[in-house]
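Undergrad: Could you put the whole structure together from the sequences, leaning on the hints where they help?
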Amino acid sequence: MIDTLYSLDALGTSRAFFLALLIGFGFGFALERAGFSSSRRLAGVFYFTDMAVVKVMFSALITAMMGLSYLVEFGWIQLDQIFLMPTIYGAQIVGGLLFGIGFVMGAWCPGTAAAGLAAGRIDALVFLLGVTGGSILFNELFPVIHSLYTAGDHGTQMAYATVGMSRNGFILALTLVGVAAFWLSEWAEKARTGRGAYLGS
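To convert, take the position in the sequence shown, counting from 1, and add 964; that gives this note's numbering.
Source of the hints: derived by calculation from the structure; they are not laboratory data.
Values in this document were obtained by computation on a predicted structure and should not be read as measured data.
Any given hint could turn out to be false.
[To be verified] For each label pair, taking beta carbons as the anchor points, the in silico distance ranges come out as:
hint: 1; residue 1: L1048; residue 2: L986; range: 37 to 47 Å
hint: 2; residue 1: R1159; residue 2: G976; range: 40 to 50 Å
hint: 3; residue 1: W1040; residue 2: L1105; range: 39 to 49 Å
hint: 4; residue 1: G988; residue 2: L1032; range: 15 to 25 Å
hint: 5; residue 1: W1151; residue 2: L1032; range: 26 to 36 Å
hint: 6; residue 1: I1065; residue 2: R1159; range: 28 to 38 Å
hint: 7; residue 1: A1155; residue 2: T1114; range: 39 to 49 Å
hint: 8; residue 1: Y970; residue 2: G1060; range: 21 to 31 Å
hint: 9; residue 1: G1133; residue 2: F982; range: 19 to 29 Å
hint: 10; residue 1: S978; residue 2: L1136; range: 39 to 49 Å
hint: 11; residue 1: P1074; residue 2: G1119; range: 19 to 29 Å
hint: 12; residue 1: G1094; residue 2: V1127; range: 28 to 38 Å
hint: 13; residue 1: L1101; residue 2: G1060; range: 14 to 24 Å
hint: 14; residue 1: L975; residue 2: T1013; range: 37 to 47 Å
Note that the Cβ used here is the ideal one computed from N, Cα and C, for glycine as well.
TA: Next comes the structure, spelled out in structure tokens:
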């Protein structure tokens, strides 16, 4: 059995911070190598000219989902050893809409903006200043909007249980959706730019 830092209540230790630093460096390096430190590439998804974001997100989601499922099936880890985000519809719907609007307007998310800033992108700096200002505003408005934190609170839910599927069946279905999204992304790129190198699109 693998003991996680979360299960050991060790997230605030120097070891945890050191591991977070290493993971952060690795994540930033991967973002840079993938070209995600450029807002032009990220904005391409909204014009159907560069769908790398869709491909990478589905690839990451499916890889993590299958990997965690295998770890659980083999008994190497238990779900109560990792933090599972509770389902709170009010906060997550409003937050998702705000995040999406910010992504469309700024062509950055906080993680890619940090990588962009490390690469010397001025627009990433401006975006992160906006993120900082928004975080301060959220803190000041929290007494007014705190009800969102409990609006539609359904505790910890699993997507496969919510839709009435087995875990393995859900993984298969989402994998097929990911393959379809990958193919449609390639088709959109080819239609808009004349290139599309995968899946015969």
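Undergrad: Just tell me: holds or violated, for the beta carbon distance of W1151 and L1032 against 26 to 36 Å?
TA: 30 Å Cβ-Cβ, so the 26 to 36 Å window holds.
Undergrad: Using the Cβ atoms, figure out if Y970 sits within 21 to 31 Å of G1060.
TA: 24 Å, holds
Undergrad: Is the hinted range of 37 to 47 Å satisfied by the C-beta distance from L1048 to L986?
TA: Violated: the Cβ-Cβ distance is about 24 Å, outside 37 to 47 Å.
Undergrad: State, for the Cβ atoms of I1065 and R1159, whether the hinted interval 28 to 38 Å holds or is violated.
TA: 30 Å, holds
Undergrad: Given a hinted range of 39 to 49 Å, is it respected by the beta-carbon distance of W1040 and L1105?
TA: 43 Å, holds
Undergrad: Holds or violated: the 15 to 25 Å window for the beta-carbon distance between G988 and L1032?
TA: Between G988 and L1032, where Cβ atoms are some 21 Å apart, the hint holds.
Undergrad: Regarding G1094 and V1127, is the given constraint of 28 to 38 Å on their beta-carbon distance met?
TA: 36 Å, holds
Undergrad: Is it true that the C-beta distance of P1074 to G1119 lies inside 19 to 29 Å, as the hint says?
TA: Distance hint for P1074, G1119 holds at roughly 27 Å.
Undergrad: Take a look at whether the Cβ-Cβ distance between G1133 and F982 falls inside 19 to 29 Å.
TA: 39 Å, violated
Undergrad: Assuming the hint says 39 to 49 Å, is it satisfied by the Cβ distance from A1155 to T1114 or not?
TA: Holds, at about 45 Å.
Undergrad: Should the hint that L1101 and G1060 are 14 to 24 Å apart at their CB atoms be regarded as holding?
TA: 18 Å, holds
Undergrad: State, for the Cβ atoms of L975 and T1013, whether the hinted interval 37 to 47 Å holds or is violated.
TA: Holds, since L975 and T1013 (Cβ atoms, about 40 Å apart) stay within the stated range.
Of the numbered hints given earlier, the model fails hints 1 and 9; all others are met.
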